[in-house]
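Asks: Please build the complex by placing chain B on the supplied structure of chain A, with the hints as guidance.
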Amino acid sequence: MTSSAQVELASEKGRSVRQDPVAAEAALAVRGLTVSYGEKPAVFSVDATFPAKAMTAIVGPNGAGKSTLLKAALGVIPRLSGEVTVFGQPIGTARDRIAYVPQRASVDWDFPTTVIDVVQMGLYRRVGLLGRLTGALRARANDCLDRVGMADFADRQIGQLSGGQQQRVFLARALAQDAELYLLDEPFAGVDAATERAIIDVLRSLRAEGKAVISVHHDLATVVDYFDNVFLINVRKIAEGPVATTFTGPNLNATYGGRLAATHIDQLQLAGGA
Amino acid sequence: MKPFLDAMLLGAGYNAALVGLGAALLGFAAGTAGTFLFLRKRALVSDAVAHATLPGVGIAFILMVSFGGDGRNLFGLLAGSAVTAWIGLLLVESMARRTRLSEDAAIGAVLSVFFGIGVVLLTVIQTMSSGRQAGLESFLLGSTAGMLFQDAVVIAIGGTLAVLATWLLRRPMTLVAFDAEYAAASGYDVRRIDLAMMGLVLAVTVIGLKIVGLILIVAMLIIPPVTARFWTEKSDRLIWYAGALGGFSGYVGAAISASAPALPTGPIIVLVAAALFGLSLFLAPKRGVTAAIIRHRRFQRRVHRRQGLLALSRGEPIHDDLTLKVLTTEGYIRPDGVATEAGRAQAAKIARDEHRWEAARRVHQDTSLTGRYDGLTPIEQVFTRDEIAAFDRIIGGPTPVPEQSGGIA
Chain A
1 MTSSAQVELA SEKGRSVRQD PVAAEAALAV RGLTVSYGEK PAVFSVDATF
51 PAKAMTAIVG PNGAGKSTLL KAALGVIPRL SGEVTVFGQP IGTARDRIAY
101 VPQRASVDWD FPTTVIDVVQ MGLYRRVGLL GRLTGALRAR ANDCLDRVGM
151 ADFADRQIGQ LSGGQQQRVF LARALAQDAE LYLLDEPFAG VDAATERAII
201 DVLRSLRAEG KAVISVHHDL ATVVDYFDNV FLINVRKIAE GPVATTFTGP
251 NLNATYGGRL AATHIDQLQL AGGA
Chain B
275 MKPFLDAMLL GAGYNAALVG LGAALLGFAA GTAGTFLFLR KRALVSDAVA
325 HATLPGVGIA FILMVSFGGD GRNLFGLLAG SAVTAWIGLL LVESMARRTR
375 LSEDAAIGAV LSVFFGIGVV LLTVIQTMSS GRQAGLESFL LGSTAGMLFQ
425 DAVVIAIGGT LAVLATWLLR RPMTLVAFDA EYAAASGYDV RRIDLAMMGL
475 VLAVTVIGLK IVGLILIVAM LIIPPVTARF WTEKSDRLIW YAGALGGFSG
525 YVGAAISASA PALPTGPIIV LVAAALFGLS LFLAPKRGVT AAIIRHRRFQ
575 RRVHRRQGLL ALSRGEPIHD DLTLKVLTTE GYIRPDGVAT EAGRAQAAKI
625 ARDEHRWEAA RRVHQDTSLT GRYDGLTPIE QVFTRDEIAA FDRIIGGPTP
675 VPEQSGGIA
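Same order as they appear, the protein sequences are chains A and B. If you're matching positions, the first sequence starts at 1 in my numbering and goes up one per residue. If you're matching positions, the second sequence starts at 275 in my numbering and goes up one per residue.
Hints are computed from structural coordinates only; laboratory data are not their basis. There is no bait here: all hints are sound.
From the derived model, a few chain B residues whose C-beta atoms are all more than 12 Å from chain A: (1) Ile333; (2) Ala536; (3) Gln655.
Chain A side only, calculated, beta carbon under 7 Å to chain B, not exhaustive: (4) Pro102; (5) Ser106; (6) Thr113; (7) Tyr124; (8) Arg125; (9) Gln157.
Chain B regions said to be covered by chain A (calculated; three or more residues, Cβ under 8 Å): (10) 432 to 446; (11) 450 to 458; (12) 505 to 516.
Where is the CB? At the ideal position from N, CA and C, for every residue including glycine.
Next comes chain A alone, as it looks inside the complex:
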């Protein structure tokens, strides 16, 4: 009984390694992911491999399924089909290794809570139902808030924050989780220049610590500057890979169709163009 179970376990391990050697290297790997509202797919049959220890942008036009891809991979919205692994593990067993930063607009900012309370929400999983937020954990939450430059705002009601400050608080909450993979949904949308700098600094420091960052990104002008890899999507996958070889005029044309004027593409600081 025991031995047969062990054999089964071993063979399963062996199979998964043989079958998909990339998956162990990948921070997040998605196979055949399809999400559909009604019968119109928002994301169709997408394979994606997001490398570890790197920053990857998910880029595509409005309604191309960028956020949907992220949310479906995390199980926030149901997927019609598809498999998701995180560092080679099924996502269900790897929750502690993931931190998610949702879009700012997804919550009610009049909720009765303070900035530090929101950051401490990132510790709830670790603390459990009965656990106490110990002094060390509280200090950790304060450090995370400090890291995004919001230490002075700890006791503010969240409704009093500017959009950029709200985004920083969400990032601090994710930092408190101390994850290995950070997934962000449009972190730069509608934030001020100082916040954009603060956020990108934090993301770069995460990469320097060997962590993976995946971000839905809408600003084509900063892709080359900010990211190592890019994943181009328009319902289907268009291309993925290092920015240097993937973020090219032809690929962008394929992603945006006619919606991106040729002159605009010329102005972009494209990989290989310079």
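Replies: Below, chain B alone, put in the same frame as chain A:
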């Protein structure tokens, strides 16, 4: 007044004391569990759940009588009501999730259909020959006449368990109420947490049937947290404030209803809770209506003061009545409209700060500082003294305001 004071001090008899304590416990449990209903913005689901208890009451009565038991055994009736309420809840949930119906449509459908079934069952029971059926309709609006000790025990145990469960689940429920997407991404089962929350609400509803009744229990769940929201910005405090307000309403409401023969308990409790809400609405320090009006008035005066002083500094006439009034009462202009000494000084300062801000925007490209410029915040609160001195070097020396400044045009 005497009967009311007696009831407040538990001196109005055994039954009244039992009712008072039961109502206080129920109010506390309803306030705490209701907090998450309010935060999750699902108040009306609880109304559907409450109305879905009625068929259960009827079915339980019929079953107990037909097995030869006491049809009015409270525990049996409550168990029956819990079963149909749970079915109602699952129906609302699955209709909203699996069909294209929105949740409010599902609530409307479940609420009316279950209530209809319940009324039909009660009518059937009226025609039954056995089982002391009188009094079942008191579950509609609650009744405390003839409350037994074991009834109070059921309420006490149920209420305590509900409060304990609320405390235990406060973190996941807060997380789901604030940011369900994040909770799901972190591995919480949002649907199960929502069901647990509604299960708590259901438990409170069921134990509240006896005292408050199914029609008004939604008020006990929602009014206390809404009232508490006026007094705190922290969700963990909100839970206990709401519990305290609910408990107070229950106790005082029960005492009032005990002080006069025909006053119904449930509606009186709800009216007490509503009175507390009304007081909070007007008097709460930050979120209250009065505070908001005062804040707006102050802001308006500040805007007018600044506008008037700027006009003085430029030697322009002032036409606006409120501006004139503000400047006169604060001693910046004489009643005939001519600027006083203090007015000229203040006008010069305002004008100078205006120039300083222009310089500040040139020096500090960083928007996080200059972004705080609203024309009303004194520049000293944003920049240090040496920074302001730097602006002064850019804009040069001060310009005095002319003597004959102002005047009513």
